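**Q** Chain by chain, the residues:
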Amino acid sequence: MFDFQAIQDNLPLYLDGAWTTLQLLLVSLVLGLLLAVPLAVLRSLRGSWVSRAVWCYTYVFRGTPMLVQLFLIYYGLAQFDAVRESFAWPWLSSAWFCACLTFVLNTAAYTTEIIAGSIRALPHGEIEAAKAMGMSRAVMFRRIVLPSALRRSLPAYSNEAIFMLHGTALASIVTIMDLTGAARTVNATSYIPFEAFITAGVFYFLMTMTLVGLFHKAEAKWLKPLMPR
Amino acid sequence: MLHGFLPSLLQGAVVTLSLALSAMALAMLLGLMGALAKLSKFRTARRAAQVYTTLIRGVPDLVLMLLLFFGGQVAVNAIALQLGYEDPVDMDPYVTGVLVIGFIFGAYLTEAFRGAFLAVPPGQREAGLAFGMTPWQIARRITLPQMLRHALPGLSNNWLVLIKSTAIVSVIGLSDLMTRGQQAAGTTREPFSFYLAVAAFYLAFTSLSELMFSWLQRRLAIGVRAGNL
Chain A
36 MFDFQAIQDN
46 LPLYLDGAWT
56 TLQLLLVSLV
66 LGLLLAVPLA
76 VLRSLRGSWV
86 SRAVWCYTYV
96 FRGTPMLVQL
106 FLIYYGLAQF
116 DAVRESFAWP
126 WLSSAWFCAC
136 LTFVLNTAAY
146 TTEIIAGSIR
156 ALPHGEIEAA
166 KAMGMSRAVM
176 FRRIVLPSAL
186 RRSLPAYSNE
196 AIFMLHGTAL
206 ASIVTIMDLT
216 GAARTVNATS
226 YIPFEAFITA
236 GVFYFLMTMT
246 LVGLFHKAEA
256 KWLKPLMPR
Chain B
2 MLHGFLPSLL
12 QGAVVTLSLA
22 LSAMALAMLL
32 GLMGALAKLS
42 KFRTARRAAQ
52 VYTTLIRGVP
62 DLVLMLLLFF
72 GGQVAVNAIA
82 LQLGYEDPVD
92 MDPYVTGVLV
102 IGFIFGAYLT
112 EAFRGAFLAV
122 PPGQREAGLA
132 FGMTPWQIAR
142 RITLPQMLRH
152 ALPGLSNNWL
162 VLIKSTAIVS
172 VIGLSDLMTR
182 GQQAAGTTRE
192 PFSFYLAVAA
202 FYLAFTSLSE
212 LMFSWLQRRL
222 AIGVRAGNL
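Residue numbers (our numbering), protein chains in the order written: chain A, 36 to 264; chain B, 2 to 230.
You can trust all of the hints, since none of them are fake.
On the chain A side, residues computed to face chain B include the following (Cβ under 10 angstroms):
1. Arg-97
2. Phe-106
3. Phe-198
4. Leu-205
5. Leu-214
6. Thr-215
7. Ala-218
8. Phe-229
9. Tyr-239
10. Phe-240
11. Met-244
These are computed hints drawn from the structure, not numbers from a lab.
Keep in mind the model is a prediction, meaning the values are calculated, not measured.
Glycine included, each C-beta is placed from N, C-alpha and C at the ideal position.
Full structure from sequences and hints, please.
**A** This is the structure:
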């Protein structure tokens, strides 16, 4: 019934695909987080125009499908001659670069809101204590606000990381041979849809479970002081 | 500005909206059933619901959709052949989209509804029992109206994610907003303008939804005393 032989024959394709998916995920999560932390700090400066500007960015990226964003960057930018003649064109015409850019911008938008939410929800005693110690704003953010807010963001961020893992499947639409791309190739060449996509699904499932496990470990490590005893 | 493609985009927007609404209706039905199963006293039902939510949340929506679209085609044709139909049957992208997206978000709504069920104080249900109401009457008159308020934040979040997820149905060839945008972009060679227009449509949908949900939340919270912090 289930054609194991065909899957076994195509296993290298799937493993390559899984590696590509993992790379896409790592690049987007790491760069997205690096971008999100400063943006979240700016976003938490209440009432300033910087905060509103960051809000506009997160609002647009959270309010539109990632697929549209991907097409806008990968296919859309080619509309402008200035872009095609610029130094950035070799990058902007590569599917890999555009997929990574889209994923980074997308996940950074969600992560910014998650971290900014944690900063806003910080117990006011922590900030009061920091001020009472005579810390400057920069020191307070570095020593008190960010460590505390990043810890508290962990549960929501784990969800975002899993969504991002699933989101990387969109890369297959712009010809990248990730896990989904591998499954689509196997289906197209051998016409075995069940085997092809279920195998990819199993890979994704295992990756999701690994991610969940890692985040549980991280929460046990960094959220312990906040857990009920 | 849109070279006369506005009517086409509007038609696509109607398809997207109707797909999203149908999928949401299915998801709410599945979510309610899943929540009841998770809270039921039968272990098999709890297990089945657990497997459903875990599996669905571990696999990307795109993979599930390709699996159902291509796999469903093979399965439907095999069954049709058994029943004596010689003509090949095609999977309808609209039906596939509704089924897959409804099925996926059913898993997410299961968790939202489960939490909402638990948020209704048990005394309410017991009072209904004491009045001699049947379980159905208790559900309709007491539990469901009260849990709606608790389920609303989860519902609104999932609806916003769902409406953006519908964009991937364009991959299997449904003539939705995304596909219309792609066609217009290809014909006019102005991809950026058209994907931007598509993004604007989605942003309008999500913004309007958010406004409606916040209005609904205020309405349903009438008579609820908020804690004074």
